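Here are the chains, one letter per residue:
2 protein chains.
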Amino acid sequence: MATYRDVLKWGDKRETSLDEGMKKLVKEKFNFSDLDLANKYLAGNEELIIENRNQISDEIINKFVEISGSENVSKTVKDIANHSYGKHYEELIKLRLNIIENQPDLVIYPRTAEEVEQIVKICNEEQIAIVPFGGGSSVTCALQMPNGGVSLDLTKHLNKIISISEKNHSVTVQAGMFGPAFEKELNDYKSGYTCGHFPQSFEFSTVGGWVAARGAGTFSTGYGKIEEMVLALNIVTPAGNIQTKDFPADAEAWDLNHLFIGSEGVLGVITEVTMKIRKYRPQNISYISFIFKTFEDATEAMRESMQAGYGKPHLYRISDPEETDIAFKIKGFENTFADKFLKLKGYKSGSRTLMFAAVDGDADYTSFLKKKLKKTAKKHSGFYIGGGATKKWLEQRYSSAYNREPMMDLGIITDTIETAVSWENLNNLWSKVRSYLDSRPNTTTMIHISHVYENGANLYITFLSPMNKGNEINDYLELHKGLVDTIVANKGSISHHHGIGRALSKWMKQELSETELALMQSTKDYLDPKGIMNPGNMLGLK
Amino acid sequence: MATYRDVLKWGDKRETSLDEGMKKLVKEKFNFSDLDLANKYLAGNEELIIENRNQISDEIINKFVEISGSENVSKTVKDIANHSYGKHYEELIKLRLNIIENQPDLVIYPRTAEEVEQIVKICNEEQIAIVPFGGGSSVTCALQMPNGGVSLDLTKHLNKIISISEKNHSVTVQAGMFGPAFEKELNDYKSGYTCGHFPQSFEFSTVGGWVAARGAGTFSTGYGKIEEMVLALNIVTPAGNIQTKDFPADAEAWDLNHLFIGSEGVLGVITEVTMKIRKYRPQNISYISFIFKTFEDATEAMRESMQAGYGKPHLYRISDPEETDIAFKIKGFENTFADKFLKLKGYKSGSRTLMFAAVDGDADYTSFLKKKLKKTAKKHSGFYIGGGATKKWLEQRYSSAYNREPMMDLGIITDTIETAVSWENLNNLWSKVRSYLDSRPNTTTMIHISHVYENGANLYITFLSPMNKGNEINDYLELHKGLVDTIVANKGSISHHHGIGRALSKWMKQELSETELALMQSTKDYLDPKGIMNPGNMLGLK
Numbered sequence: 001m002a003t004y005r006d007v008l009k010w011g012d013k014r015e016t017s018l019d020e021g022m023k024k025l026v027k028e029k030f031n032f033s034d035l036d037l038a039n040k041y042l043a044g045n046e047e048l049i050i051e052n053r054n055q056i057s058d059e060i061i062n063k064f065v066e067i068s069g070s071e072n073v074s075k076t077v078k079d080i081a082n083h084s085y086g087k088h089y090e091e092l093i094k095l096r097l098n099i100i101e102n103q104p105d106l107v108i109y110p111r112t113a114e115e116v117e118q119i120v121k122i123c124n125e126e127q128i129a130i131v132p133f134g135g136g137s138s139v140t141c142a143l144q145m146p147n148g149g150v151s152l153d154l155t156k157h158l159n160k161i162i163s164i165s166e167k168n169h170s171v172t173v174q175a176g177m178f179g180p181a182f183e184k185e186l187n188d189y190k191s192g193y194t195c196g197h198f199p200q201s202f203e204f205s206t207v208g209g210w211v212a213a214r215g216a217g218t219f220s221t222g223y224g225k226i227e228e229m230v231l232a233l234n235i236v237t238p239a240g241n242i243q244t245k246d247f248p249a250d251a252e253a254w255d256l257n258h259l260f261i262g263s264e265g266v267l268g269v270i271t272e273v274t275m276k277i278r279k280y281r282p283q284n285i286s287y288i289s290f291i292f293k294t295f296e297d298a299t300e301a302m303r304e305s306m307q308a309g310y311g312k313p314h315l316y317r318i319s320d321p322e323e324t325d326i327a328f329k330i331k332g333f334e335n336t337f338a339d340k341f342l343k344l345k346g347y348k349s350g351s352r353t354l355m356f357a358a359v360d361g362d363a364d365y366t367s368f369l370k371k372k373l374k375k376t377a378k379k380h381s382g383f384y385i386g387g388g389a390t391k392k393w394l395e396q397r398y399s400s401a402y403n404r405e406p407m408m409d410l411g412i413i414t415d416t417i418e419t420a421v422s423w424e425n426l427n428n429l430w431s432k433v434r435s436y437l438d439s440r441p442n443t444t445t446m447i448h449i450s451h452v453y454e455n456g457a458n459l460y461i462t463f464l465s466p467m468n469k470g471n472e473i474n475d476y477l478e479l480h481k482g483l484v485d486t487i488v489a490n491k492g493s494i495s496h497h498h499g500i501g502r503a504l505s506k507w508m509k510q511e512l513s514e515t516e517l518a519l520m521q522s523t524k525d526y527l528d529p530k531g532i533m534n535p536g537n538m539l540g541l542k
Numbered sequence: 001m002a003t004y005r006d007v008l009k010w011g012d013k014r015e016t017s018l019d020e021g022m023k024k025l026v027k028e029k030f031n032f033s034d035l036d037l038a039n040k041y042l043a044g045n046e047e048l049i050i051e052n053r054n055q056i057s058d059e060i061i062n063k064f065v066e067i068s069g070s071e072n073v074s075k076t077v078k079d080i081a082n083h084s085y086g087k088h089y090e091e092l093i094k095l096r097l098n099i100i101e102n103q104p105d106l107v108i109y110p111r112t113a114e115e116v117e118q119i120v121k122i123c124n125e126e127q128i129a130i131v132p133f134g135g136g137s138s139v140t141c142a143l144q145m146p147n148g149g150v151s152l153d154l155t156k157h158l159n160k161i162i163s164i165s166e167k168n169h170s171v172t173v174q175a176g177m178f179g180p181a182f183e184k185e186l187n188d189y190k191s192g193y194t195c196g197h198f199p200q201s202f203e204f205s206t207v208g209g210w211v212a213a214r215g216a217g218t219f220s221t222g223y224g225k226i227e228e229m230v231l232a233l234n235i236v237t238p239a240g241n242i243q244t245k246d247f248p249a250d251a252e253a254w255d256l257n258h259l260f261i262g263s264e265g266v267l268g269v270i271t272e273v274t275m276k277i278r279k280y281r282p283q284n285i286s287y288i289s290f291i292f293k294t295f296e297d298a299t300e301a302m303r304e305s306m307q308a309g310y311g312k313p314h315l316y317r318i319s320d321p322e323e324t325d326i327a328f329k330i331k332g333f334e335n336t337f338a339d340k341f342l343k344l345k346g347y348k349s350g351s352r353t354l355m356f357a358a359v360d361g362d363a364d365y366t367s368f369l370k371k372k373l374k375k376t377a378k379k380h381s382g383f384y385i386g387g388g389a390t391k392k393w394l395e396q397r398y399s400s401a402y403n404r405e406p407m408m409d410l411g412i413i414t415d416t417i418e419t420a421v422s423w424e425n426l427n428n429l430w431s432k433v434r435s436y437l438d439s440r441p442n443t444t445t446m447i448h449i450s451h452v453y454e455n456g457a458n459l460y461i462t463f464l465s466p467m468n469k470g471n472e473i474n475d476y477l478e479l480h481k482g483l484v485d486t487i488v489a490n491k492g493s494i495s496h497h498h499g500i501g502r503a504l505s506k507w508m509k510q511e512l513s514e515t516e517l518a519l520m521q522s523t524k525d526y527l528d529p530k531g532i533m534n535p536g537n538m539l540g541l542k
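Heads up: the protein sequence lines correspond to chains A and B, in order. Here the first sequence is numbered in our numbering, starting from 1 and rising by one per residue. Here the second sequence is numbered in our numbering, starting from 1 and rising by one per residue.
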């Protein structure tokens, strides 16, 4: 029996319970008893039931079967359910409420890029919607199919490295390859390479998804967002194939790669990606951790170092005071001798701020940059606390996402939102977002900076708050709306790396002028004249 | 009296005669006598005559006068002639032959971005073509107006810095500002900044032109091409205004900046640019010069250093053996004691290869990177010869372009072409291009690498060859065609930073698929439905 819970959890094996630190936090912040911790709210253990809307005729299904084989065309309840939602909070709460309403009619697992072309051709002829599907880790409702259609899942077959060029430092890979397999194969190849792109969703996301959502990984401050890594793309569109070239740079009119990076499935199906790779040298990484007296001290040190012209760390991260205090609490650092020592030195709970950095690359460079970062941090009250905390954080960085379901089991909203902002507006945006969330009773907010640029940085906001039981969806949507409004009003971008999807599309319409929206629509109209590619996603594009 | 020569030369004061080194080269390579050196071939000293095609009615001209003032609307022969061509070799030879055939009907110097909007609106209503005009340094025939229209020159008024943000490390500047004024104002601002973008055309090009042509400057290996520097743009199009946002990064669908970077005037008029700036610290720059035994040794050292993960120099340059020998000859190094010493050590004329590097930024960083580059070079036969040659080269880097007219005065084709190529294909492309040019009798070719990436580099090709007198244009076009064909056949891009213009558009049509071309046309059709923006340029876009 398949349940709603099977769909909402992360993969087959990654459902964990809260660790002791998190349990302690929940007890203290939300006044939970041990008994409360044992209950599961809206566990979603009921059997999956999905209406078969029968929108695609058997005749057409047979065509798909002819193309990709019967084993790669599925209407099973489990397959359909697994492709009906991503991992946006609203989607997860709907699954807990046993609501599946945006499901595809069919899931197809094409075996080759040519099969993708054939499927797109038929769907275009028959006006059947397509959503390209990778890891399904979207947190923006980008994968929903309110009017049904075909979910085109690239992960079963289109998941291999096509070629690696040691000389060019590049790899060509099929879009459906998951992060861990991709990275392992690169690590193991000859002298060893790394893809350099490690989003929080790394284990459950694909190369094609990284490109489609314009993602950023943990090492983005050094290696850039995915748009800085892509050299060439192959995209199948209803209007035909597009294969860009892997020149290291060029001035051949405008760059078509940048039309498809961030296109979120509305223009076509990304089938192949050629991207940069770097030498894999984990032994060289320098790990650095500081504590600052205030958030402002930390951001000032970060800005100064990014503009200093001595190189950039790959990981660069600040936890704001509340996130810092919670980290100390969860990790059992509170009231240790070291904690007392820090407090004595003026690093006080409620304002002290953690900074993590890691530098990848040549061994001399990683130690050079470590020295420079220490010097800059020191000028701004940064107290060096070794590299251990950073290294440990990196080792467990994917697992924190698995706290989400156990937290939601406790009836606690567990969500994140993120934005990018210039240095001039960063501190103000941070405090406005914090005020907004702090104004909701019983809410714990943790904000960090995790992707840093010469001209500004992102803010990543995690918030925990008890659900309004019986009114879970609307209560959340109101909270989310106020949060995005606060971000926009204070000059943050609507997204730094999650993308737009359906969840943020109404704000895009406010941000962009009519000319800009119509320009984007005109691009879609040319490539997808019948509007079959992820209809309604992102800009509400037809 | 204005002459054809007034138009073909670089600005008012920059016509120089050949220096002694160049004279020596010409005598030796082309067997010129002193008498030959005194003559001027096709000097273009005749009085400018341009047909007034009277295509724009007085009524409409009056509308433009009402918008921008009579002093900013011109039909003088000199103004029209100065806006009829860029600096492509074919254009210069036509001027010498007293041919002006692609002139605008009118030159307008708008005073504000609002005036640009009004002018674009009228031109759109009346179907009058517009070419946005900056420094006029195009080497791709991008500025020609075969059917006339308005040349919209932004340099007279739209040439100011609007704002500088020290905190964001960014500047907002009007598109018509020239390089030197822009850089000087940044240098002088408070603690001192630099734009970091120094194309060969720096003195005679504008910020808007850099963006429109997707240019690259001398320091691009460290700071990137212009597309890595732009944060936001304002563009006036017939369909309306587009103002992108200056977020340090974002994931708000696809990035519209990249639609206009490289658009070469076919989509609209770039009126404002917000771009990154860096600290101005010339005292910190480290200058480094090496000599290698072979071109292959040099490119291998360059590749290794770019992929080493220890940082990238800002200037990075290799002169191939022929360019190296010529540099030694011109600078009087040949047969000096040092030359003899080098030869004795195995650095032989005909194969030895010069490399220049310069590192900008923090003082510790520039000396750190210098050490690392020396170590890598040494592994590949790189012999360190101090920093002086690099420093001297940088000091005179703009003036070498002024040799062009005196060389053409001698009846010698003096042209350049450039391409980008992956490391895998670089050495082969280099040797194929060299074979092609070497097969033309009496031709001197100098090839260098001047913009370097982890995944490849550019090749910049300078060639000198006596004109086929009486058949100057067709002879050149044939030579040029064979050269571009050779580049394309050997996997080079059609352009790395010059752009496409009209000169290379026929190759774009070969390179791009029908889908890609039609996609680009669809973008133009939306923004410029009547096809008034630089019609016929680049992709032959309507």
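Hints may contain errors.
Identical chains blur together in the list; that is why a pair holds if it fits in one copy or across any two.
Result set (SDA-like, lysine to any residue): computed pairs, CA atoms no more than 20 Å apart in a straight line [unchecked claim]:
(1) LYS156 <-> LYS184
(2) LYS160 <-> GLU203
(3) LYS279 <-> LYS372
(4) LYS491 <-> GLN127
(5) LYS245 <-> MET508
(6) LYS63 <-> LYS184
(7) LYS374 <-> ASP362
(8) LYS370 <-> ALA308
(9) LYS469 <-> ARG5
(10) LYS293 <-> ILE99
(11) LYS491 <-> SER163
(12) LYS372 <-> ASP362
(13) LYS509 <-> GLY11
(14) LYS530 <-> GLU334
(15) LYS432 <-> ASN490
(16) LYS370 <-> ASN241
(17) LYS530 <-> ALA518
(18) LYS491 <-> ARG434
(19) LYS167 <-> GLU424
(20) LYS160 <-> PHE30
(21) LYS121 <-> SER513
(22) LYS343 <-> ASP438
(23) LYS121 <-> ASN31
(24) LYS340 <-> ASN490
(25) LYS190 <-> ALA308
(26) LYS509 <-> ASN241
Don't read these hints as lab results, they were simulated from the structure. Note that the structure is predicted; figures quoted are calculated from it, not measured.
Do the hints match the structure? See the list:
For the identical chains of this complex, LYS156 and LYS184 are intra-copy neighbours only, at 18 Å inside a copy versus 57 Å across copies, given an alpha-carbon limit of 20 Å. When the C-alpha separation of LYS160 and GLU203 is checked against a cutoff of 20 Å, the pair qualifies only within one copy, where the shortest distance is 16 Å, while the shortest distance between copies is 49 Å. With identical chains, the CA atoms of LYS279 and LYS372 are at most 20 Å apart between copies only, with a shortest distance of 17 Å across copies and 23 Å within one. Proximity of LYS491 to GLN127 under the C-alpha cut-off of 20 Å is found in neither arrangement, the shortest distances being 40 Å within a copy and 39 Å between copies.
Only between protomers do LYS245 and MET508 lie at most 20 Å apart by alpha-carbon distance; the minimum there is 12 Å, versus 30 Å within a single protomer. For the homomeric pair LYS63 and LYS184, neither the shortest alpha-carbon distance inside one copy (36 Å) nor that between copies (66 Å) is at most 20 Å. Within a single copy, LYS374 and ASP362 get their C-alpha atoms as close as 18 Å, and across copies as close as 15 Å, so both meet the 20 Å cut-off. When the C-alpha separation of LYS370 and ALA308 is checked against a cutoff of 20 Å, the pair qualifies both within a copy, at 14 Å, and between copies, at 17 Å.
Taking identical chains as interchangeable, the C-alpha atoms of LYS469 and ARG5 lie at most 20 Å apart only when both belong to the same chain, with a minimum of 19 Å there against 82 Å between chains. For the homomeric pair LYS293 and ILE99, neither the shortest alpha-carbon distance inside one copy (47 Å) nor that between copies (71 Å) is at most 20 Å. Only between protomers do LYS491 and SER163 lie at most 20 Å apart by alpha-carbon distance; the minimum there is 18 Å, versus 42 Å within a single protomer. Taking the closest pair of Cα atoms, LYS372 and ASP362 come within 20 Å of each other both inside a single copy (15 Å) and across two copies (10 Å).
Taking the shortest alpha-carbon separations for LYS509 and GLY11, neither the intra-copy value of 34 Å nor the inter-copy value of 46 Å comes in at or below 20 Å. In this homomeric assembly, LYS530 and GLU334 never come within 20 Å of each other (Cα to Cα): the closest approach is 59 Å inside a single copy and 69 Å across copies. For a Cα distance limit of 20 Å, the shortest separation of LYS432 from ASN490 inside one copy, 8 Å, qualifies, whereas the shortest one across copies, 56 Å, does not. Taking the shortest alpha-carbon separations for LYS370 and ASN241, neither the intra-copy value of 46 Å nor the inter-copy value of 45 Å comes in at or below 20 Å.
In the homo-oligomer, the alpha carbons of LYS530 and ALA518 lie at most 20 Å apart both inside one protomer (16 Å) and across protomers (17 Å), since each shortest distance falls under that limit. Taking identical chains as interchangeable, the C-alpha atoms of LYS491 and ARG434 lie at most 20 Å apart only when both belong to the same chain, with a minimum of 15 Å there against 53 Å between chains. Within a single copy, LYS167 and GLU424 get their C-alpha atoms only as close as 41 Å, which misses the 20 Å cut-off; across copies the closest is 6 Å, which meets it. Proximity of LYS160 and PHE30 under a CA criterion of 20 Å is satisfied in neither setting, with 46 Å inside one chain copy and 57 Å between copies.
In this assembly of identical chains, the alpha carbons of LYS121 and SER513 lie at most 20 Å apart only when taken from different copies (18 Å versus 33 Å within one copy). Proximity of LYS343 and ASP438 under a CA criterion of 20 Å is satisfied in neither setting, with 25 Å inside one chain copy and 74 Å between copies. Taking the shortest alpha-carbon separations for LYS121 and ASN31, neither the intra-copy value of 57 Å nor the inter-copy value of 65 Å comes in at or below 20 Å. Proximity of LYS340 to ASN490 under the C-alpha cut-off of 20 Å is found in neither arrangement, the shortest distances being 37 Å within a copy and 67 Å between copies.
Taking the shortest alpha-carbon separations for LYS190 and ALA308, only the inter-copy value of 16 Å comes in at or below 20 Å, while the best intra-copy value is 36 Å. Proximity of LYS509 and ASN241 under a CA criterion of 20 Å is satisfied inter-copy only: 16 Å between copies versus 29 Å inside one chain copy.
Checked against the numbered hints given earlier, the structure breaks hints 4, 6, 10, 13, 14, 16, 20, 22, 23, 24 and satisfies all the rest.
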